[in-house]
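Asker: Protein sequence lines correspond, in order, to chains D and S.
Each residue of the first sequence is one higher than the one before, counting from 1 in our numbering.
Each residue of the second sequence is one higher than the one before, counting from 1001 in our numbering.
For the record, the hints were derived by calculation from the structure and aren't laboratory data.
None of these values were measured; they are calculated from a predicted model.
Be aware that one or more of the hints could be misleading.
What the hints assert, rightly or not - Here are the simulated lysine-lysine pairs, BS3-like style, with alpha carbons at most 30 Å apart:
id	chain 1	residue 1	chain 2	residue 2
1	D	Lys54	D	Lys106
2	S	Lys1071	S	Lys1018
3	S	Lys1065	D	Lys71
4	D	Lys5	S	Lys1071
5	S	Lys1017	S	Lys1069
6	D	Lys68	D	Lys56
7	S	Lys1057	S	Lys1018
8	D	Lys54	D	Lys5
9	S	Lys1057	S	Lys1069
10	D	Lys68	D	Lys106
11	S	Lys1057	D	Lys71
12	D	Lys106	S	Lys1065
13	D	Lys54	D	Lys68
14	D	Lys106	D	Lys71
15	D	Lys5	D	Lys56
16	S	Lys1065	S	Lys1018
17	S	Lys1057	D	Lys68
18	D	Lys5	S	Lys1065
These are the residues of each chain, in order.
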Amino acid sequence: DQQVKQNSPSLSVQEGRISILNCDYTNSMFDYFLWYKKYPAEGPTFLISISSIKDKNEDGRFTVFLNKSAKHLSLHIVPSQPGDSAVYFCAASAESNSGYALNFGKGTSLLVTP
Amino acid sequence: EAQVTQNPRYLITVTGKKLTVTCSQNMNHEYMSWYRQDPGLGLRQIYYSMNVEVTDKGDVPEGYKVSRKEKRNFPLILESPSPNQTSLYFCASRTGVWTGELFFGEGSRLTVL
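Isolated chain D, as found in the complex (with noise of 0.2 Å):
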């Protein structure tokens, strides 16, 4: 049961645009999302992350959205740069018998073109 949901599975966006990848989540428990970038043949590396408490978070060109009544988070990032092309992990935790496992979305390839 996929409690992380990235619905897109790729992304286009042009150099110099706006990246917009979302996410959304089913577990009311959630309290703090974390976005991880990974591109091929290296581990996933983390991004940006927010707390519940919050409802954006700003790093430099990336930005970090969460609505919690809708159960859905968002990754900004602007301007787009070629760079940027990866894959974009959107998790979720709570604490739970398992600890703050980390679940995560099946990710969105964000392809950005010069």
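Position chain S against the provided structure of chain D, taking the given hints into account.
Answerer: For chain S alone, coordinates are given in the frame of chain D:
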């Protein structure tokens, strides 16, 4: 350099031949975990460990064992590998037991024939 190191990075083996994928982190992290990544399924947790000698099952533990005898090491053991364990495996660690970002290794691609 802070890192999570996995070995081997690539392995082809046959059904039933026991193998171990090692994982070591040099960040003094208490929490370590193993994930597998499969097409269309994303990343799923196999096992995790909150401290030395403390391990527990994740979402897909069947066919795997782990041990945590030292803080820095968290090997993944496949006692009798089967073809459905062909996958890309990631070890990860983090500072906090309950929260914090996960640092991932580079991955181990395992093929079981």
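Asker: Confirm or reject each hint.
Answerer: To see whether the hints hold, each was checked on the structure:
Of the supplied pair hints, the one linking Lys54/D and Lys106/D holds, its CA atoms being roughly 24 Å apart against a limit of 30 Å. Distance hint between Lys1071/S and Lys1018/S is fulfilled; the C-alpha atoms sit about 24 Å from each other, no more than 30 Å. Between Lys1065/S and Lys71/D, the direct Cα distance comes to roughly 35 Å. Violation of the 30 Å bound is thereby established for this hinted pair. Between Lys5/D and Lys1071/S the CA atoms are separated by roughly 33 Å; this puts the pair beyond 30 Å, and the hint is violated.
For the hint pairing Lys1017/S with Lys1069/S, the CA-to-CA distance comes to about 23 Å; that is within 30 Å, so the pair holds. Distance check on the hinted pair: Lys68/D and Lys56/D sit about 11 Å apart at the alpha-carbon level, within 30 Å; holds. Taken as a hint, the Lys1057/S and Lys1018/S pair is honoured in the structure, with Cα atoms around 20 Å apart against an allowance of 30 Å. Pair hint Lys54/D plus Lys5/D holds up; C-alpha atoms about 21 Å apart against a cutoff of 30 Å.
Using a Cα cut-off of 30 Å, the hinted pair Lys1057/S and Lys1069/S holds, with the two alpha carbons roughly 17 Å apart. Proposed proximity of Lys68/D and Lys106/D is supported: the alpha carbons are some 20 Å apart, at most 30 Å. In summary, the hint linking Lys1057/S to Lys71/D is supported, as the alpha carbons are separated by about 27 Å, within the 30 Å threshold. For the given pair, Lys106/D sits about 25 Å from Lys1065/S by alpha-carbon distance, which is consistent with the 30 Å threshold.
The straight-line distance between the Cα atoms of Lys54/D and Lys68/D is roughly 9 Å, inside the 30 Å bound, and the hint therefore holds. As the CA atoms of Lys106/D and Lys71/D are separated by approximately 17 Å, the hinted pair is consistent with the 30 Å bound. Restraint check for Lys5/D and Lys56/D: satisfied, since their Cα atoms lie roughly 20 Å apart, inside the 30 Å limit. Distance hint between Lys1065/S and Lys1018/S is fulfilled; the C-alpha atoms sit about 11 Å from each other, no more than 30 Å.
A distance of roughly 29 Å separates the Cα atoms of Lys1057/S and Lys68/D; the hinted pair therefore holds under the 30 Å criterion. For the proposed pair Lys5/D and Lys1065/S, the alpha carbon gap of about 29 Å is at most 30 Å, so the pair holds.
Taken one by one, the earlier hints fail for this structure at numbers 3 and 4, listed in ascending order.
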